[in-house]
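Trainee: Sequence:
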Amino acid sequence: MMRKLIVMLLIGGISLLGITPALAQEVYELKQYEKLTGKKIEFKEAPMLRVKVAAGELPPVEERLPEEPLVVKPIEAIGKYGGTWHRANLGVLSFQVYCEVEEHLFSYDEYCTKILPNIVKGWEISEDGKTVTFFLRKGMKWSDGAPFTADDFVFCWNDILLNKDLTPVVPAKLTIEGEPGTIKKIDDYAFSLSFAAPYSMVVEMFANAYPPMIFAPAHYLKQFHPKYTSMEKIEKMMKKEGFASWQDYFKTKNDTNGGNPERPVIGAWYPIDERGSAIQRFLRNPYYFKIDTEGNQLPYIDKIEESLMADAEAILLRALAGELDYQALRISSVANYPVCKQNEEKGDYRVIPQVPMGAGINLCTLYFNFFHKDPILRDLFRNKKFRIALSVAINREEISKLLFKGLANPSQVAPSEKTPWYVEEYAKQYTEYDPKTANKILDELGLVWDKNHQYRLRPDGKQLRFVISAFTPWPPENVEASELIKGYWEDIGIKVVVKPVDRQLWVTQVTAAEFEVASYAAAGGSYGQPAVS
Numbered sequence: 357m358m359r360k361l362i363v364m365l366l367i368g369g370i371s372l373l374g375i376t377p378a379l380a381q382e383v384y385e386l387k388q389y390e391k392l393t394g395k396k397i398e399f400k401e402a403p404m405l406r407v408k409v410a411a412g413e414l415p416p417v418e419e420r421l422p423e424e425p426l427v428v429k430p431i432e433a434i435g436k437y438g439g440t441w442h443r444a445n446l447g448v449l450s451f452q453v454y455c456e457v458e459e460h461l462f463s464y465d466e467y468c469t470k471i472l473p474n475i476v477k478g479w480e481i482s483e484d485g486k487t488v489t490f491f492l493r494k495g496m497k498w499s500d501g502a503p504f505t506a507d508d509f510v511f512c513w514n515d516i517l518l519n520k521d522l523t524p525v526v527p528a529k530l531t532i533e534g535e536p537g538t539i540k541k542i543d544d545y546a547f548s549l550s551f552a553a554p555y556s557m558v559v560e561m562f563a564n565a566y567p568p569m570i571f572a573p574a575h576y577l578k579q580f581h582p583k584y585t586s587m588e589k590i591e592k593m594m595k596k597e598g599f600a601s602w603q604d605y606f607k608t609k610n611d612t613n614g615g616n617p618e619r620p621v622i623g624a625w626y627p628i629d630e631r632g633s634a635i636q637r638f639l640r641n642p643y644y645f646k647i648d649t650e651g652n653q654l655p656y657i658d659k660i661e662e663s664l665m666a667d668a669e670a671i672l673l674r675a676l677a678g679e680l681d682y683q684a685l686r687i688s689s690v691a692n693y694p695v696c697k698q699n700e701e702k703g704d705y706r707v708i709p710q711v712p713m714g715a716g717i718n719l720c721t722l723y724f725n726f727f728h729k730d731p732i733l734r735d736l737f738r739n740k741k742f743r744i745a746l747s748v749a750i751n752r753e754e755i756s757k758l759l760f761k762g763l764a765n766p767s768q769v770a771p772s773e774k775t776p777w778y779v780e781e782y783a784k785q786y787t788e789y790d791p792k793t794a795n796k797i798l799d800e801l802g803l804v805w806d807k808n809h810q811y812r813l814r815p816d817g818k819q820l821r822f823v824i825s826a827f828t829p830w831p832p833e834n835v836e837a838s839e840l841i842k843g844y845w846e847d848i849g850i851k852v853v854v855k856p857v858d859r860q861l862w863v864t865q866v867t868a869a870e871f872e873v874a875s876y877a878a879a880g881g882s883y884g885q886p887a888v889s
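Heads up: the sequence shown at position 390 corresponds to 746 in the numbering used here, and the numbers run straight through without jumps.
Calculated directly from the structure, the hints in this document are not laboratory data.
There could be a bad hint or two in this list.
Here are the simulated lysine-lysine pairs, DSS-like style, with alpha carbons at most 25 Å apart [stated by the list, open to error]: (1) LYS646 x LYS408; (2) LYS761 x LYS697; (3) LYS842 x LYS796; (4) LYS659 x LYS436; (5) LYS541 x LYS529; (6) LYS784 x LYS796; (7) LYS646 x LYS429.
Values in this document were obtained by computation on a predicted structure and should not be read as measured data.
From just these sequences and the hints, can you work out the full model?
Mentor: What follows is the structure in structure tokens.
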């Protein structure tokens, strides 16, 4: 019997507890790989799909794959088809589901030094840096077999992202100088994005974790959009399904996090259960666009079953009992490591303390809103001296002892020691606990105390205060760490309110820049918003 696997991603830095992700894979275009190896790839498929082909329920694998599928070199060995991945999560679908049902335009290599093709097989940047042309995979399909083309990008950009009823604020990453880019279809498998000014990092942005979604299944979603379907017809569907506004109705139908099993996807698996089911199930996508180096259409695993549990303790108990195949989410913490290690043999699983390579993740990281609507807070958050004062006011060693058994490494938001980019100066600057220096800096910035010496005043005479929006699902110590940070900052005269925020609200607030200070994590550096530095 195959042993279960628990990954305990543990040691690193605070504000910032660094952990490391799985190794990246080498990828090739089909013609490129065949030329390099001198062998002709023959496509193969999973037995469960082969049965459907024989029954006439699916076209042959050669017709389901794009003309140029992406070839993925396995990290260890060619896998075996079949099986169900049993895992668990808290009582709602997690953002992790996005990783199963969707894909990025690009990806990075193991060391994040090279951008690799993914959905997009190639790209060109204009000489002035304002326009990027993307080339898609001819013959690529959605999970329902419909063509995946430039039309899906044009529809998403013009009719979702630029539709103020659906997207009141265009994601900042899709704008330059406050202006959103424009999209142009070149042909079915090529389109361009143009911006008002050079956007040198646009390709890197799309390769990063969770970039803005710029494609959607137009063939499915147009039936819910008033530009393509009469409101009379849409309202009939809304009434039947209990929706009051077409915006909410459309967004529910366009749920990119696995909440709508009818919505086609391009990821390795597609959902088959609606939100609210005790077990969320996912099946392999028969039209997935990747193969391994032997021509096997990916993924290897047939199904995923994610049990939605009441709390993290329930997930841990299932993991200890050997009922989960691979689990890090919600249980990967220093506090859980001893009990997981002690029960390894009994639960018939193995614990991996740390994947040896990767950029690392910094937990309990603080993000300041550089675009806050309050001009005073905005100027303070952008002031490096102010952030330095807040940083040296934090007792990271104490946080490590209280929350991480002293195993966390005090650090700034920086790559871990296990990467080629580690620079001790960057990792350690302003991490020494020094409230005296913090107070001195705040005094120099003119942030004087009130007459009773209880709190500091803003330049407009009001109390200096702000809210830390603490992401509640992960890391498990995040809210407690934020409360400790609150105490350190109040010692230097800054009033702080810690507000625990669930995933959906946190993402909404951060994406719309409607927060003051956010607490979450960072993948070896900034996670899309400015962080303590």
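Trainee: Below or equal to 25 Å on CA atoms is what counts here, so check LYS659 against LYS436.
Mentor: Answer holds: LYS659 to LYS436 is near 13 Å, not above 25 Å.
Trainee: For a C-alpha distance cap of 25 Å, please report whether LYS646 and LYS429 respect it.
Mentor: Holds, at about 10 Å.
Trainee: Measure nothing beyond the straight line between the CA atoms of LYS541 and LYS529; if it is 25 Å or shorter, mark the hint as holding.
Mentor: holds (21 Å)
Trainee: Please verify whether LYS784 and LYS796 have alpha carbons no more than 25 Å apart.
Mentor: Between LYS784 and LYS796 the Cα gap is close to 21 Å, so the pair holds against 25 Å.
Trainee: Decide if the proposed pair is consistent with the structure: LYS761 and LYS697, CA atoms, cutoff 25 Å inclusive.
Mentor: It holds: about 16 Å lies between the C-alpha atoms, which stays within 25 Å.
Trainee: Holds or violated: LYS842 and LYS796, Cα atoms, limit 25 Å.
Mentor: holds (19 Å)
Trainee: Is the hinted pair LYS646 and LYS408 satisfied, with a Cα-Cα distance of at most 25 Å?
Mentor: holds (19 Å)
This entry satisfies every hint, going by the numbered hints stated previously.
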